[in-house]
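S.K.: Same order as they appear, the protein sequences are chains A and B.
Residue numbering for the first sequence follows the working numbering, starting at 1 and increasing by one per position.
Residue numbering for the second sequence follows the working numbering, starting at 1 and increasing by one per position.
Hints are computed from structural coordinates only; laboratory data are not their basis.
We treat Cβ as the ideally placed atom computed from N, Cα and C, and that holds for glycine.
Treat each hint with caution, since some may be false.
What the hints assert, rightly or not - In silico DSSO-like pairs for lysine-lysine, Cα to Cα no more than 30 Å straight-line: (1) Lys27/B x Lys147/A; (2) Lys147/A x Lys119/A; (3) Lys69/A x Lys147/A; (4) Lys59/A x Lys147/A; (5) Lys147/A x Lys12/B; (6) Lys12/B x Lys119/A; (7) Lys2/B x Lys17/B; (8) Lys42/B x Lys69/A; (9) Lys69/A x Lys27/B; (10) Lys2/B x Lys147/A; (11) Lys27/B x Lys2/B; (12) Lys27/B x Lys17/B; (13) Lys2/B x Lys42/B; (14) Lys17/B x Lys147/A; (15) Lys147/A x Lys15/B; (16) Lys69/A x Lys17/B; (17) Lys15/B x Lys42/B; (18) Lys59/A x Lys2/B; (19) Lys59/A x Lys15/B; (20) Lys119/A x Lys2/B; (21) Lys2/B x Lys69/A; (22) Lys17/B x Lys119/A; (23) Lys12/B x Lys2/B; (24) Lys147/A x Lys42/B.
Unchecked claim - Residues from chain A that keep clear of chain B, each with C-beta distances beyond 10 Å, as calculated: (25) Glu7; (26) Thr19; (27) Gly27; (28) Gly45; (29) Ala120; (30) Phe122; (31) Ala129; (32) Asp130.
As the list claims (entries may be wrong) - Label-pair distances were calculated between CB atoms; the ranges are: (33) Asp22/A x Gly48/B: 50 to 60 Å; (34) Lys27/B x Gly26/A: 47 to 57 Å; (35) Lys12/B x Gly55/A: 15 to 25 Å.
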Amino acid sequence: MIRVQAEDFDMGLEISRMTRDDTAIGGVCAFAGLVRDFGDSAAGGGAMTLEHYPGMTEKALAEIEAQAKARWPLQDSLIIHRYGRLEPGDNIVLVVAASAHREAAFEACHFLIDWLKTKAPFWKLEENADGAHWVEAKSRDDAAADKWSRSEEKE
Amino acid sequence: MKLIYFAWVREKAGKSKEEIPLPEGVKTVGDLLAWLAERDEKMATAFGDPSIIRAAVNQEHVSMDHELGENDEIAFFPPVTGG
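I would like the entire structure built from these sequences, with the hints used as guidance.
M.R.: Structure, rendered in structure tokens:
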């Protein structure tokens, strides 16, 4: 399941919901991304605003989830991504992969967040003492996503 | 065709979307980007460096050599930074 929302989420509740009615699940792996405090919050900064492309965001996340389901034997998966203005400590994203065994859950979870970071149309505007600036994409994020492309080609 | 801009591309362009007819001589996404950069000073700032701009057509990521149609929805934006 995918969800794009302004509201917060409760990671514990999301995972319990996924597992409570499915006794075929033997392992769950989750990754949560949060707004990190770079030291600007004391000066009233540190918040960020996430912009996204309504319509394409949902399509991109659904495609990423479908890819994970095609590559690993998953019982269930979940991607929640927030948008709007978020403060240090706030939840940004949650990805969860559930499978019979841990390997598939670990790998699928890692894949979901790596692909999401380079393919889902979100942009972060960070606030600090100097004002607001758009976060630049990191080449190491591309490298992390590429790692999964290469393993696909080998199959 | 419908054009949509995000993040600093939107800010520099001074608008979030617009409707324009497919310009003459524009065949690909890269052609359109070059055409936009020639329009005025604001657009030149937004589209002056194609190497830092990404594109989607009809809500799918595409490369600069993707061919355009009259009814396409084309989005221009910086490399994504979610997660």
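S.K.: Each hint: holds or not?
M.R.: Consistency of the hints with the structure:
1. Lys27/B x Lys147/A: violated, 33 Å
2. Lys147/A x Lys119/A: holds, 14 Å
3. Lys69/A x Lys147/A: The given pair, whose Cα atoms are some 18 Å apart, holds under the 30 Å limit.
4. Lys59/A x Lys147/A: Holds, at roughly 22 Å.
5. Lys147/A x Lys12/B: violated, 34 Å
6. Lys12/B x Lys119/A: holds, 23 Å
7. Lys2/B x Lys17/B: Between Lys2/B and Lys17/B the Cα gap is close to 7 Å, so the pair holds against 30 Å.
8. Lys42/B x Lys69/A: Violated - the C-alpha atoms of Lys69/A and Lys42/B are around 44 Å apart, more than 30 Å.
9. Lys69/A x Lys27/B: violated, 36 Å
10. Lys2/B x Lys147/A: Violated, at about 35 Å.
11. Lys27/B x Lys2/B: With a Cα-Cα distance of about 15 Å, the restraint between Lys27/B and Lys2/B holds, given a limit of 30 Å.
12. Lys27/B x Lys17/B: holds, 20 Å
13. Lys2/B x Lys42/B: Within the cut-off at roughly 19 Å; holds.
14. Lys17/B x Lys147/A: At roughly 35 Å apart (the allowed maximum being 30 Å), Lys147/A and Lys17/B break the hint.
15. Lys147/A x Lys15/B: violated, 37 Å
16. Lys69/A x Lys17/B: violated, 35 Å
17. Lys15/B x Lys42/B: Roughly 10 Å between the alpha carbons, so the hint for Lys15/B and Lys42/B holds.
18. Lys59/A x Lys2/B: Given pair Lys59/A, Lys2/B holds - Cα atoms ~18 Å apart, limit 30 Å.
19. Lys59/A x Lys15/B: holds, 24 Å
20. Lys119/A x Lys2/B: Holds - the C-alpha atoms of Lys2/B and Lys119/A are around 22 Å apart, at most 30 Å.
21. Lys2/B x Lys69/A: violated, 33 Å
22. Lys17/B x Lys119/A: This hinted pair holds, its Cα atoms lying about 21 Å apart.
23. Lys12/B x Lys2/B: holds, 18 Å
24. Lys147/A x Lys42/B: Violated - the C-alpha atoms of Lys42/B and Lys147/A are around 38 Å apart, more than 30 Å.
25. Glu7: holds, 17 Å
26. Thr19: holds, 24 Å
27. Gly27: Given a closest Cβ separation of 23 Å, the condition holds.
28. Gly45: holds, 18 Å
29. Ala120: violated, 5 Å
30. Phe122: violated, 3 Å
31. Ala129: holds, 20 Å
32. Asp130: holds, 15 Å
33. Asp22/A x Gly48/B: 50 to 60 Å: holds, 52 Å
34. Lys27/B x Gly26/A: 47 to 57 Å: Distance hint for Lys27/B, Gly26/A holds at roughly 53 Å.
35. Lys12/B x Gly55/A: 15 to 25 Å: With a Cβ separation near 23 Å, Lys12/B and Gly55/A satisfy 15 to 25 Å, so the hint holds.
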